[in-house]
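Novice: Sequence:
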Amino acid sequence: MNRLIILGFILCLFSCKRSGHLPEGFVYLNDVAPDVKLELRYFSSNNFVGDTIDGYLAAKCIISKPAADALKKVQKSLKSQGLGIKVFDAYRPQRAVDHFVRWAEDLSDTLMKPIYYPNVDKSKLFEIGYIAAKSGHTRGSTLDLTLVYLEGPQKGQELDMGTPWDHFDPAAWPSSDAVSDAQKQNRMILRKVMMDNGFKPLREEWWHFTLEAEPYPDTYFDFVVE
Numbered sequence: 000m001n002r003l004i005i006l007g008f009i010l011c012l013f014s015c016k017r018s019g020h021l022p023e024g025f026v027y028l029n030d031v032a033p034d035v036k037l038e039l040r041y042f043s044s045n046n047f048v049g050d051t052i053d054g055y056l057a058a059k060c061i062i063s064k065p066a067a068d069a070l071k072k073v074q075k076s077l078k079s080q081g082l083g084i085k086v087f088d089a090y091r092p093q094r095a096v097d098h099f100v101r102w103a104e105d106l107s108d109t110l111m112k113p114i115y116y117p118n119v120d121k122s123k124l125f126e127i128g129y130i131a132a133k134s135g136h137t138r139g140s141t142l143d144l145t146l147v148y149l150e151g152p153q154k155g156q157e158l159d160m161g162t163p164w165d166h167f168d169p170a171a172w173p174s175s176d177a178v179s180d181a182q183k184q185n186r187m188i189l190r191k192v193m194m195d196n197g198f199k200p201l202r203e204e205w206w207h208f209t210l211e212a213e214p215y216p217d218t219y220f221d222f223v224v225e
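Residue numbers (numbering that gives the first Met the number 0): 0 to 225.
It is worth saying that the hints were derived from the structure and are not from the lab.
Just so it is clear, the structure is predicted and the values come from calculations on it, not from any experiment.
Incorrect hints may appear among the rest.
As the list claims (entries may be wrong) - Straight-line Cα separation of at most 25 Å, SDA-like style, residue types lysine to any residue; simulated pairs:
| id | residue 1 | residue 2 |
| --- | --- | --- |
| 1 | LYS191 | TRP172 |
| 2 | LYS133 | ALA58 |
| 3 | LYS121 | GLY49 |
| 4 | LYS191 | GLY155 |
| 5 | LYS123 | ASN196 |
| 6 | LYS154 | GLU203 |
| 7 | LYS78 | ASN196 |
| 8 | LYS123 | GLY151 |
| 9 | LYS72 | SER179 |
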């Protein structure tokens, strides 16, 4: 009996420690929607900075519980079309945003310009609005995502949206005429399913959506992603 009590105590400690990683109201997206694909670019060098971003200690996708529940509905809606979602980023610590600001102020660092901002002078990133001191992602209910095929010869591949994710260019606007009709239609599929499930889009980025009824509209968090 004593051994069972001790074992139960140890398991409780382990469970509490695991759940204690996240503030109340936040979840790991794959705990709620395990079939959502993740490609968390800020825990890698494949982003506009070209390095792992401050505050990202693991390839984990954290988001508010209401946003996760809504994304589960999005995924379910898309499955009937043979599609699913792939998430690039969700909750973003304030220290990550601060990292972006420091990077943008260093005009000598243009390593990733050919990929992420080929047509924009780095000195204009603040002025145009591509970089800012605050981000909706830090409130926990905003995410960047795209669509992927779930079946057929293109299974696992992303739908062609006309520009890469995080592309600093007017061509990334959802309504841009710089992309083909087919690419614009793919953007509209994503936009419609997100809006139908309670998310609002951003005018300048086809991949960016925020839960309209976000639970923390005035709070900017800074706990690490781990």
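Novice: All the hints need checking, so say for each whether the structure fits it.
Specialist: Checked hints:
1. LYS191 - TRP172: 15 Å, holds
2. LYS133 - ALA58: 22 Å, holds
3. LYS121 - GLY49: Roughly 14 Å separates the two Cα atoms, so the pair holds.
4. LYS191 - GLY155: 21 Å, holds
5. LYS123 - ASN196: Violated, at about 35 Å.
6. LYS154 - GLU203: Not OK: LYS154 and GLU203 at ~28 Å, beyond 25 Å, violated.
7. LYS78 - ASN196: Since the Cα atoms of LYS78 and ASN196 sit roughly 14 Å apart, the hinted pair holds (cutoff 25 Å).
8. LYS123 - GLY151: 42 Å, violated
9. LYS72 - SER179: 29 Å, violated
Consistency note: the structure conflicts with the earlier hints numbered 5, 6, 8, 9.
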